[in-house]
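Each residue of the sequence shown is one higher than the last, beginning at 140 in our numbering.
Don't take each hint at face value.
List of simulated lysine-lysine pairs, DSBU-like, C-alpha gap at most 35 angstroms [to be verified]:
no.: 1; residue 1: LYS196; residue 2: LYS179
no.: 2; residue 1: LYS201; residue 2: LYS220
no.: 3; residue 1: LYS201; residue 2: LYS291
no.: 4; residue 1: LYS298; residue 2: LYS277
no.: 5; residue 1: LYS227; residue 2: LYS201
no.: 6; residue 1: LYS227; residue 2: LYS298
no.: 7; residue 1: LYS220; residue 2: LYS291
no.: 8; residue 1: LYS277; residue 2: LYS220
no.: 9; residue 1: LYS196; residue 2: LYS277
no.: 10; residue 1: LYS196; residue 2: LYS220
no.: 11; residue 1: LYS227; residue 2: LYS291
no.: 12; residue 1: LYS286; residue 2: LYS201
no.: 13; residue 1: LYS220; residue 2: LYS179
no.: 14; residue 1: LYS227; residue 2: LYS277
no.: 15; residue 1: LYS298; residue 2: LYS196
no.: 16; residue 1: LYS291; residue 2: LYS196
no.: 17; residue 1: LYS286; residue 2: LYS298
no.: 18; residue 1: LYS179; residue 2: LYS291
no.: 19; residue 1: LYS201; residue 2: LYS277
no.: 20; residue 1: LYS179; residue 2: LYS277
no.: 21; residue 1: LYS227; residue 2: LYS286
no.: 22; residue 1: LYS291; residue 2: LYS277
no.: 23; residue 1: LYS201; residue 2: LYS179
no.: 24; residue 1: LYS179; residue 2: LYS298
no.: 25; residue 1: LYS227; residue 2: LYS179
no.: 26; residue 1: LYS179; residue 2: LYS286
no.: 27; residue 1: LYS286; residue 2: LYS196
no.: 28; residue 1: LYS286; residue 2: LYS220
no.: 29; residue 1: LYS298; residue 2: LYS220
no.: 30; residue 1: LYS196; residue 2: LYS227
no.: 31; residue 1: LYS298; residue 2: LYS201
It should be emphasised that the hints constitute simulated quantities derived from the structure, not laboratory data.
None of these values were measured; they are calculated from a predicted model.
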Amino acid sequence: MDLSSWFEFTVYDAVFLVVVLGFFFYWLTRSEQPLPSPPKELAPLAMTDMTVEELRKYDGVKNEHILFGLNGTIYDVTRGKGFYGPGKAYGTLAGHDATRALGTMDQNAVSAEWDDHAGLTADEQETANEWETQFKFKYLTVGRLVKDSSEKADYGNRKAFVRGAESLDSIINGGGEEGSKKDN
Numbered sequence: 140m141d142l143s144s145w146f147e148f149t150v151y152d153a154v155f156l157v158v159v160l161g162f163f164f165y166w167l168t169r170s171e172q173p174l175p176s177p178p179k180e181l182a183p184l185a186m187t188d189m190t191v192e193e194l195r196k197y198d199g200v201k202n203e204h205i206l207f208g209l210n211g212t213i214y215d216v217t218r219g220k221g222f223y224g225p226g227k228a229y230g231t232l233a234g235h236d237a238t239r240a241l242g243t244m245d246q247n248a249v250s251a252e253w254d255d256h257a258g259l260t261a262d263e264q265e266t267a268n269e270w271e272t273q274f275k276f277k278y279l280t281v282g283r284l285v286k287d288s289s290e291k292a293d294y295g296n297r298k299a300f301v302r303g304a305e306s307l308d309s310i311i312n313g314g315g316e317e318g319s320k321k322d323n
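Construct all of the structure, not just a fragment, from the sequences and the given hints.
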């Protein structure tokens with residue numbers, strides 16, 4: 140083996156050299172700033188039924204929690220604040236009954252008053268139901284949206300939880316979730 144074979148430069152050597160120099164350049168120029176801390180996780184709300192007026196407080200501005208109603212159920216969508224927070228794509232739904240808006244796919248259809256959802260077509264109601272199917276597996280269920288305070292149920296000391304396929308009525312009637320589940 141002669142000394143000249145040690146100094147041969149192949150394509151593989153060039154690729155290796157580029158990779159090594161790239162890592163070296165990255166190491167020299169990388170930022171020494173710490174990574175941003177993850178957003179703080181809010182404690183789950185106690186389960187409670189709300190009127191439309193009470194729900195309005197949970198718009199992400201007046202309260203850090205972001206809630207909205209869908210098909211008579213109130214969901215805590217705070218963890219989706221990138222979508223439902225103030226000024227975001229679905230921010231107009233926060234603090235309101237979103238059934239009509241999601242069913243018709245028109246964010247301007249949000250009402251500031253009680254909405255019995257009369258006038259929704261079967262297709263629009265089905266669209267709202269599809270949204271609800273996603274929400275009940277993803278977001279915390281806080282309670283029911285009621286027309287007036289006399290319709291409120293007593294949930295004891297239960298915390299909002301992701302209910303999945305569990306019926307909210309079974310929880311009200313004493314079955315179902317005991318205690319609280321942590322948000323996923």
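Status of each hint after checking the structure:
1. LYS196 <-> LYS179: OK: LYS196 and LYS179 at ~20 angstroms, within 35 angstroms.
2. LYS201 <-> LYS220: holds (14 angstroms)
3. LYS201 <-> LYS291: The given pair, whose Cα atoms are some 23 angstroms apart, holds under the 35 angstroms limit.
4. LYS298 <-> LYS277: Holds, at about 16 angstroms.
5. LYS227 <-> LYS201: Given pair LYS227, LYS201 holds - Cα atoms ~16 angstroms apart, limit 35 angstroms.
6. LYS227 <-> LYS298: holds (27 angstroms)
7. LYS220 <-> LYS291: holds (27 angstroms)
8. LYS277 <-> LYS220: Between LYS277 and LYS220 the Cα gap is close to 13 angstroms, so the pair holds against 35 angstroms.
9. LYS196 <-> LYS277: holds (22 angstroms)
10. LYS196 <-> LYS220: With a Cα-Cα distance of about 15 angstroms, the restraint between LYS196 and LYS220 holds, given a limit of 35 angstroms.
11. LYS227 <-> LYS291: holds (31 angstroms)
12. LYS286 <-> LYS201: It holds: about 22 angstroms lies between the C-alpha atoms, which stays within 35 angstroms.
13. LYS220 <-> LYS179: holds (12 angstroms)
14. LYS227 <-> LYS277: The given pair, whose Cα atoms are some 19 angstroms apart, holds under the 35 angstroms limit.
15. LYS298 <-> LYS196: Given that 35 angstroms is the threshold and the Cα spacing comes to 19 angstroms, the pair holds.
16. LYS291 <-> LYS196: Roughly 18 angstroms between the alpha carbons, so the hint for LYS291 and LYS196 holds.
17. LYS286 <-> LYS298: holds (22 angstroms)
18. LYS179 <-> LYS291: Holds: LYS179 and LYS291 sit about 30 angstroms apart, inside 35 angstroms.
19. LYS201 <-> LYS277: Status holds; Cα separation ~24 angstroms.
20. LYS179 <-> LYS277: holds (18 angstroms)
21. LYS227 <-> LYS286: holds (28 angstroms)
22. LYS291 <-> LYS277: Between LYS291 and LYS277 the Cα gap is close to 24 angstroms, so the pair holds against 35 angstroms.
23. LYS201 <-> LYS179: holds (17 angstroms)
24. LYS179 <-> LYS298: Distance ~18 angstroms between LYS179 and LYS298 Cα, so the pair holds.
25. LYS227 <-> LYS179: holds (19 angstroms)
26. LYS179 <-> LYS286: This hinted pair holds, its Cα atoms lying about 33 angstroms apart.
27. LYS286 <-> LYS196: holds (16 angstroms)
28. LYS286 <-> LYS220: holds (26 angstroms)
29. LYS298 <-> LYS220: Holds - the C-alpha atoms of LYS220 and LYS298 are around 20 angstroms apart, at most 35 angstroms.
30. LYS196 <-> LYS227: At roughly 17 angstroms apart (the allowed maximum being 35 angstroms), LYS227 and LYS196 satisfy the hint.
31. LYS298 <-> LYS201: Distance ~21 angstroms between LYS298 and LYS201 Cα, so the pair holds.
The earlier numbered hints are all upheld by this structure, with none contradicted.
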